[in-house]
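J.: Below are the chains, spelled out letter by letter.
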Amino acid sequence: MTSFSADERQLLDESLQNFLSEKYGFERWQQRSGPSGDQYGSNEWRQFADLGWLGVAIPEEFGGTGGGLTELAIVMAAAGRHMVLEGLLGTVVLGAGAIELAGTQAQKGDLLPKIAAGELRLAFCHSEQDAGYARDYVTTIARPVDGGYALEGRKAFTLGAQAADLLVVSARVGAADGPVGLFLVPRETDGVSLNIAPALDARLGAEVRLSARVPGSTLLGRADVDRTASIDHLIDRAAIAVCAEACGAMAEATQNTIEYLKVREQFGQPLAKFQVLQHRLVDMSLACEEARAIVHAALEALDVGAASAQRTVWQAKVQTAQSARFVGTQSLQLHGGIGMTDELKAGHLYKRLCVCEAMFGDADWYLKKLSQTLPEHIRARTQDDRMKPPEVA
Amino acid sequence: MTSFSADERQLLDESLQNFLSEKYGFERWQQRSGPSGDQYGSNEWRQFADLGWLGVAIPEEFGGTGGGLTELAIVMAAAGRHMVLEGLLGTVVLGAGAIELAGTQAQKGDLLPKIAAGELRLAFCHSEQDAGYARDYVTTIARPVDGGYALEGRKAFTLGAQAADLLVVSARVGAADGPVGLFLVPRETDGVSLNIAPALDARLGAEVRLSARVPGSTLLGRADVDRTASIDHLIDRAAIAVCAEACGAMAEATQNTIEYLKVREQFGQPLAKFQVLQHRLVDMSLACEEARAIVHAALEALDVGAASAQRTVWQAKVQTAQSARFVGTQSLQLHGGIGMTDELKAGHLYKRLCVCEAMFGDADWYLKKLSQTLPEHIRARTQDDRMKPPEVA
Amino acid sequence: MFIRSVGSDNRLNAFREEVRQFCREKIPAEIRRKQEKSQHLDKAEYDAWLKLLGEKGWLTGKWPKEYGGLGWEPEQFLVFEEELGKAGAPPLINFGINLAGPVIFTFGNDEQKKKYLADIAKNNTWWCQGYSEPGAGSDLASLKSRAVRDGDHYVVNGQKTWTSWAHWADMIFVLVRTDATVKKQAGISFLLIDMNTPGITVRPIIGITRHHHLNEVFFDNVRVPVENRIGEENQGWTYAKFLLANERLHSLSFAKFEAYLAKIRKALDVVKDGGRPLSEDPTYRRKLAELDVRMATAKALMADQLAAARTTGSPPMMGAAALKLRGTELQQSILQMGLEVLGRNGPVYQDLALEQNWDGEFVGPDVSAGLIYEHLYRRAATIYSGSNEVQRNIIAKGALGL
Amino acid sequence: MFIRSVGSDNRLNAFREEVRQFCREKIPAEIRRKQEKSQHLDKAEYDAWLKLLGEKGWLTGKWPKEYGGLGWEPEQFLVFEEELGKAGAPPLINFGINLAGPVIFTFGNDEQKKKYLADIAKNNTWWCQGYSEPGAGSDLASLKSRAVRDGDHYVVNGQKTWTSWAHWADMIFVLVRTDATVKKQAGISFLLIDMNTPGITVRPIIGITRHHHLNEVFFDNVRVPVENRIGEENQGWTYAKFLLANERLHSLSFAKFEAYLAKIRKALDVVKDGGRPLSEDPTYRRKLAELDVRMATAKALMADQLAAARTTGSPPMMGAAALKLRGTELQQSILQMGLEVLGRNGPVYQDLALEQNWDGEFVGPDVSAGLIYEHLYRRAATIYSGSNEVQRNIIAKGALGL
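Chains as they are written, first to last, in UniProt numbering: chain F, 1 to 393; chain G, 1 to 393; chain L, 1 to 402; chain C, 1 to 402.
Just to be clear, a hint being listed does not mean it is correct.
[Unchecked claim] Straight-line distance between alpha carbons at most 25 angstroms, and here's what the computed PhoX-like set of lysine-lysine pairs gives:
1) F:369 x G:273
2) L:397 x G:262
3) L:397 x L:26
4) L:115 x L:43
5) L:299 x F:273
6) L:43 x F:262
7) L:144 x L:241
8) F:273 x L:62
9) G:273 x C:115
10) L:299 x G:369
11) F:369 x C:43
12) F:273 x L:397
13) F:273 x L:256
14) F:273 x G:273
15) L:299 x L:62
16) F:273 x G:262
17) C:43 x C:299
18) G:262 x C:184
19) L:184 x L:62
20) F:262 x G:273
21) G:273 x L:183
22) L:397 x G:273
23) L:397 x L:184
24) L:122 x L:86
25) C:256 x G:273
26) C:114 x C:241
27) C:144 x G:273
28) F:262 x C:299
29) L:184 x G:273
30) G:273 x C:184
31) L:183 x L:397
Worth flagging that the hints you see were computed from the coordinates, not collected in a lab.
Use the sequences and the hints to build the structure in full.
T.: Structure below.
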């Protein structure tokens with residue numbers, strides 16, 4: 001993929017901010033965000049497509065503008081700031097990403113243009129109840145049957161699954177130790193049932209049970225290729241996209257809090273005049289900057305395919321989770337009682353930040369992965385490190 | 001052991017505070033605390049004995065006043081507040097404790113009165129280089145030889161060892177898998193060599209190497225009794241005594257800091273008027289209170305022999321370590337540059353608090369022990385806990 | 001240091017057993033079932049249980065005997081509350097028994113004592129608290145609701161907010177401004193108002209939990225008999241501070257914390273990563289150990305307070321503010337861990353599962369919705385009863401003299 | 001967000017290799033040996049090395065070419081410093097090259113540039129910093145040292161403190177009050193003073209490290225030529241602030257942090273618990289992972305700053321204060337971990353092992369004394385260059401407009 005120039009990125013960001021501030025206001029958001037609301041707005045989705053956001057990372061030959069993950073992250077950050085309800089992640093990052101990584105030329109040619117055009121919504125149904133954050137735990141099985149596969153299994157709660165046209169389902173092909181394949185299963189397939197539930201942040205999702213027959217054409221790519229590594233890479237991309245969203249949400253939460261404290265008076269002066277609260281706001285701002293900086297480093301590392309990319313993603317997810325928790329909790333705390341109601345953005349941003357913190361692995365999980373890859377590093381370092389090339393962090 | 005009444009404890013505390021404030025001032029402390037100073041002051045030690053502090057926990061029949069660990073802790077807290085240099089811990093808590101737990105009646109009758117009278121100073125040389133905080137790691141060996149034992153081994157750095165009359169040395173009797181015995185080895189024995197070094201807090205101590213013959217009478221109690229459990233108990237007592245000392249040092253550090261901030265002016269007003277620093281002082285005070293409260297709970301649990309005592313000691317050591325670190329670092333921070341010199345108590349208290357944090361196990365070490373004993377607890381709780389007696393925390 | 005004994009004696013064991021047995025026998029099965037699922041109780045369910053406690057006199061066990069209480073020491077109340085928590089009993093509702101009641105028997109006149117105390121003790125009346133206002137959060141004394149004397153009545157106008165259970169309450173105690181010309185603390189009075197008085201409107205507030213138990217209460221020319229005023233006119237701040245100290249003390253309920261931990265432990269066995277339960281992961285065992293230490297420390301602080309109050313009769317240095325600070329911080333840490341554990345299960349929050357008659361299917365462990373509800377609701381714990389920032393101001397000024 | 005690229009290019013690889021090779025060949029063996037043992041260097045040893053760097057022009061690589069520098073971008077300096085750190089070279093001494101020099105070439109006159117810059121670049125003069133005073137810590141502008149004009153001289157009286165290397169320095173730059181009748185920032189001048197001038201007394205301060213490198217400097221009727229004043233009289237605060245921003249930027253040395261971590265890693269292999277090295281304990285691996293994340297974040301923040309400065313020419317929002325805050329917090333966390341690891345070994349601190357000619361025997365790992373020295377010394381990192389509390393005030397006011 002090619003990346004946009006700084007000017008093109010700037011234009012993309014401005015189009016996002018302009019549209020979302022004008023057309024995606026908080027009152028309307030409140031109406032739409034309830035369990036019976038139109039969360040996955042068809043109008044909005046079409047407009048996102050028209051503005052070129054959905055195809056921003058889809059290659060030009062397939063109807064997109066051929067940007068990289070950094071461009072997607074600009075979209076996600078704006079989505080975070082404005083609390084976009086639609087499932088960008090499932091369709092644009094994971095869904096399109098899965099097709100690009102695992103699909104045949106024909107599948108790409110068929111599906112990617114539809115995604116860019118806003119005609120196809122996807123949800124990535126990979127994780128299973130007992131998997132937790134583990135990425136290689138797949139017990140769903142796809143047994144070859146006449147003309148297709150019999151899918152049997154259960155996929156954990158996935159945001160946006162209730163509204164997706166196609167579910168991207170991972171399953172072991174043939175047997176419990178078979179290669180992991182990715183299937184595009186229409187949500188409306190017989191034998192696919194959803195237990196729909198709201199998430200912490202009121203967005204809907206569903207657990208998915210599969211006991212269904214699907215045609216062979218639903219498999220992405222060839223049947224004998226194991227997709228575990230691709231899934232790992234996809235989830236890295238999704239994790240950093242979620243970090244970008246969190247960066248947007250954190251920046252918004254911090255800015256809201258600063259503005260509120262400047263006008264809210266107690267004990268005879270604006271709260272923003274109290275030194276303790278000033279320092280808290282400084283630390284919130286710093287937390288935002290830190291997450292933004294390392295997420296940016298991870299995005300560029302992924303976009304150029306740096307050897308350190310995965311490690312940087314893990315580091316970024318840890319830092320973002322920690323920043324998000326601090327900013328989210330302090331934003332509520334400093335708003336006081338009013339922040340505890342559903343009437344302000346603060347609470348909604350807090351809940352979304354909690355979701356971002358958890359999605360695709362929390363700080364503990366990535367710290368464990370980082371710590372497990374340290375020992376070699378330790379050994380390497382205690383020998384003569386003057387002989388070695390410098391580490392790229 | 002019997003415990004003192006609240007009034008008796010009050011009197012003990014007053015005698016400590018009065019003597020130490022008057023006779024143990026900071027200027028003289030500075031002279032004595034250097035590597036060539038008279039750290040283990042003979043005059044002071046005699047006066048401690050005369051005031052009854054050294055025998056406070058020694059049974060009356062052996063020349064003491066028969067108090068418990070709580071009374072010792074009152075002494076240790078005062079020692080912490082006034083940065084007493086003398087090795088109370090090695091002699092009064094560990095040395096006397098070892099004799100009481102493992103000694104024969106004759107040994108008790110011979111040695112305990114001397115300790116109470118200030119005529120005998122001890123150091124507890126149990127830990128070894130590779131033991132870390134582990135309490136059951138003993139490789140020093142005492143091989144029976146004609147009329148006694150040949151001690152071979154090496155004991156880790158022990159505060160006060162350089163000035164002790166007797167070293168309490170643990171060793172496996174007979175062979176590498178023999179029972180652990182405790183030997184009272186005169187420091188001046190041939191084949192006992194010391195590598196003397198200063199600790200972080202400038203107090204001296206030494207690594208001890210043993211390749212020495214000692215008479216059979218140096219063994220405390222019988223040769224066939226394994227003292228591992230006694231040592232474990234002794235170290236629990238020492239750990240909580242160190243916590244008590246830390247409580248005294250923390251209280252002093254916090255009070256000093258409050259007083260300093262009330263007089264030190266910057267930006268046109270006393271530092272104590274800045275809200276951020278006020279809250280910091282509040283958190284320091286709270287940290288002191290928390291450590292004091294749980295140490296108190298642990299002392300009483302040990303004194304009454306409660307089943308929960310050991311667990312409470314571990315909890316107290318964790319809390320004290322955390323409180324000590326916060327109070328110590330913040331005391332330095334709030335003093336600013338002047339606290340970074342050897343001319344104020346702040347730095348010395350900081351360093352002593354670092355030592356207290358580490359001695360006999362730091363927070364990580366005890367948290368690991370606590371977490372390893374949790375699983376049964378979890379299981380027990382997830383069954384019907386209405387059927388079980390309440391936990392004592 | 002370490003001078004007064006803090007050890008708890010065993011004389012309360014029999015009482016503990018009595019409470020335990022009472023709970024075992026008397027908590028209605030339906031309530032127990034709902035409590036286990038963390039489902040919200042309705043008023044009738046609360047009443048059914050609280051009246052049982054009222055009959056035993058336990059609801060107001062801490063009150064002095066002369067006002068119908070049992071004169072419990074604080075330790076006894078702690079045992080009582082702990083056992084209630086362990087037995088899965090509904091929580092006690094503070095407003096009558098711990099807030100209004102003590103104000104009335106301490107500062108009220110004989111008429112008022114006669115009129116209100118017995119009904120509180122028997123749970124015949126529900127009270128709610130008219131303290132906070134939209135413009136006056138932690139700076140409570142800057143309240144704007146006003147009461148103007150008109151013959152033998154006050155005419156009250158204004159608005160209160162964050163009023164728990166106002167929609168169920170029979171009575172409300174409010175702080176109103178009766179003199180706007182003096183220093184803000186000096187012109188406040190303390191009134192008891194019947195919620196059925198014309199001019200009172202209750203409007204629900206939906207919390208970030210998506211649940212309703214908080215309200216706004218509007219007063220539009222509400223006529224309140226002068227005899228409903230506690231103590232002197234314009235002296236209300238004195239009574240208000242007394243009540244706030246009680247409120248702070250009661251914000252620390254270890255029984256509740258134990259209940260959270262029990263649910264987290266259950267979740268640790270059920271939630272998995274890569275097929276292995278989280279309870280096998282040292283990271284979580286370490287977190288439990290850290291919470292264990294903090295819980296033990298908070299209990300020790302409480303024991304210390306009680307011992308000090310017992311022997312000296314005066315509250316110890318740091319007082320209720322310290323317990324409020326550390327208690328609420330601990331509470332949020334426990335509930336943070338809850339969210340972390342459940343996060344592996346997808347960020348689901350089935351809030352409707354907390355309503356009765358829900359017949360949906362759980363995604364993940366059944367303790368999930370209840371823990372997340374508490375997580376969200378208790379983000380307010382460091383805000384309500386005076387924010388923790390204000391508590392630190394109080395300690396800085398009061399205890400440290402800064 | 002994410003608009004400007006922060007990626008570092010590879011054009012510095014050749015330079016990196018050049019520095020690496022230079023260090024390999026030129027660092028005297030004795031210095032390398034002492035650095036590995038963390039032993040203090042004497043002035044002659046510093047000089048020997050710094051003059052070598054001066055000959056290459058690297059000492060002042062960042063200076064503009066017109067003043068004898070090489071016009072390095074900040075990235076190039078970072079590479080330079082990183083390689084020096086990895087090679088075990090002695091640290092650079094800031095006072096001339098990063099503090100006095102830039103003030104002189106930015107605000108000094110041609111005479112001053114001619115007189116001082118070349119000697120700084122070649123390490124012919126050692127400078128020290130006369131900023132702090134006993135009564136003026138983080139509130140620097142409240143300084144009391146005064147300079148009174150007497151013909152073509154100033155007569156300086158007063159006291160400076162926390163003066164690193166004053167006992168070795170040839171020159172000192174000082175802030176003095178030249179007008180006491182105006183607002184405190186408005187009456188300050190910036191003077192360059194020869195340390196050999198009569199009336200200057202240097203008195204050592206022994207730090208909590210038990211080592212001497214800080215001093216008090218007393219001025220007793222010290223006569224300083226007026227030509228030694230930088231810029232305008234009473235405008236010294238402007239130059240002082242410029243210098244402080246440089247100081248803050250240079251407080252963050254990743255090379256130093258890497259060196260600490262290398263020593264800690266070494267200690268983890270040597271220090272044991274129950275016979276097993278600590279490097280096998282997940283607790284410590286987790287701590288390393290946490291530090292790894294913070295280090296990566298701090299580096300990303302730095303890269304971000306550099307990218308912003310490169311493209312917009314103006315410093316980014318949070319600026320040097322943010323890096324100072326997080327950098328020093330990270331530094332202390334790393335050194336805290338060092339102390340934790342070494343704690344298992346007994347709380348030994350063999351400070352004399354840091355002096356040359358020490359022939360004692362180590363208790364525990366040989367990195368111990370050096371790490372503990374740094375632990376103690378760097379407790380000051382959150383105090384010096386403006387305490388971290390003051391940095392937060394700066395950000396609150398400057399960046400957030402509070």
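J.: Now tell me, hint by hint, if it's right for this structure.
T.: Each hint tested on the structure:
1. A C-alpha spacing of about 46 angstroms is found between residue 369 of chain F and residue 273 of chain G, which places the hinted pair above 25 angstroms, so the restraint is violated.
2. As the CA atoms of residue 397 of chain L and residue 262 of chain G are separated by approximately 13 angstroms, the hinted pair is consistent with the 25 angstroms bound.
3. The suggested pairing of residue 397 of chain L with residue 26 of chain L is violated, with an alpha-carbon distance near 47 angstroms, which exceeds 25 angstroms.
4. This hinted pair checks out: residue 115 of chain L and residue 43 of chain L have alpha carbons roughly 23 angstroms apart, not beyond 25 angstroms.
5. With a CA separation close to 36 angstroms, the supplied pair residue 299 of chain L and residue 273 of chain F exceeds the 25 angstroms bound.
6. For the hint linking residue 43 of chain L to residue 262 of chain F, the alpha-carbon distance of about 41 angstroms lies beyond 25 angstroms, and the restraint is violated.
7. Between residue 144 of chain L and residue 241 of chain L the alpha-carbon distance is near 17 angstroms, which keeps this suggested pair within the 25 angstroms criterion.
8. Restraint check for residue 273 of chain F and residue 62 of chain L: the C-alpha separation of about 42 angstroms exceeds 25 angstroms, so the hint is violated.
9. The suggested pairing of residue 273 of chain G with residue 115 of chain C is violated, with an alpha-carbon distance near 46 angstroms, which exceeds 25 angstroms.
10. Pair hint residue 299 of chain L plus residue 369 of chain G holds up; C-alpha atoms about 21 angstroms apart against a cutoff of 25 angstroms.
11. For a cut-off of 25 angstroms, the pair hint linking residue 369 of chain F to residue 43 of chain C is broken: about 46 angstroms separates their Cα positions.
12. Of the supplied pair hints, the one linking residue 273 of chain F and residue 397 of chain L holds, its CA atoms being roughly 19 angstroms apart against a limit of 25 angstroms.
13. For the hint linking residue 273 of chain F to residue 256 of chain L, the alpha-carbon distance of about 36 angstroms lies beyond 25 angstroms, and the restraint is violated.
14. For the hint pairing residue 273 of chain F with residue 273 of chain G, the CA-to-CA distance comes to about 14 angstroms; that is within 25 angstroms, so the pair holds.
15. Restraint check: the Cα-Cα separation between residue 299 of chain L and residue 62 of chain L comes to about 19 angstroms, which is no more than 25 angstroms; the hinted pair holds.
16. For the proposed pair residue 273 of chain F and residue 262 of chain G, the alpha carbon gap of about 22 angstroms is at most 25 angstroms, so the pair holds.
17. Taken as a hint, the residue 43 of chain C and residue 299 of chain C pair is broken in the structure, with Cα atoms around 32 angstroms apart against an allowance of 25 angstroms.
18. Straight-line distance between C-alpha atoms of residue 262 of chain G and residue 184 of chain C comes to about 23 angstroms, which keeps the hinted pair within the 25 angstroms bound.
19. Taken as a hint, the residue 184 of chain L and residue 62 of chain L pair is broken in the structure, with Cα atoms around 33 angstroms apart against an allowance of 25 angstroms.
20. The straight-line distance between the Cα atoms of residue 262 of chain F and residue 273 of chain G is roughly 22 angstroms, inside the 25 angstroms bound, and the hint therefore holds.
21. Between the alpha carbons of residue 273 of chain G and residue 183 of chain L the distance comes to roughly 23 angstroms, so the proposed pair stays at or under 25 angstroms and holds.
22. In summary, the hint linking residue 397 of chain L to residue 273 of chain G is supported, as the alpha carbons are separated by about 10 angstroms, within the 25 angstroms threshold.
23. A C-alpha spacing of about 19 angstroms is found between residue 397 of chain L and residue 184 of chain L, which places the hinted pair at or below 25 angstroms, so the restraint holds.
24. Of the supplied pair hints, the one linking residue 122 of chain L and residue 86 of chain L holds, its CA atoms being roughly 23 angstroms apart against a limit of 25 angstroms.
25. The suggested pairing of residue 256 of chain C with residue 273 of chain G is violated, with an alpha-carbon distance near 36 angstroms, which exceeds 25 angstroms.
26. Between residue 114 of chain C and residue 241 of chain C the CA atoms are separated by roughly 23 angstroms; this keeps the pair inside 25 angstroms, and the hint holds.
27. Taken as a hint, the residue 144 of chain C and residue 273 of chain G pair is honoured in the structure, with Cα atoms around 23 angstroms apart against an allowance of 25 angstroms.
28. Restraint check for residue 262 of chain F and residue 299 of chain C: the C-alpha separation of about 32 angstroms exceeds 25 angstroms, so the hint is violated.
29. Note on residue 184 of chain L and residue 273 of chain G: the hinted pairing holds, with a Cα-Cα distance of about 23 angstroms set against a maximum of 25 angstroms.
30. Taken as a hint, the residue 273 of chain G and residue 184 of chain C pair is honoured in the structure, with Cα atoms around 21 angstroms apart against an allowance of 25 angstroms.
31. The suggested pairing of residue 183 of chain L with residue 397 of chain L holds, with an alpha-carbon distance near 19 angstroms, which does not exceed 25 angstroms.
Hint compliance for this structure: hints 1, 3, 5, 6, 8, 9, 11, 13, 17, 19, 25, 28 are broken, all remaining hints hold.
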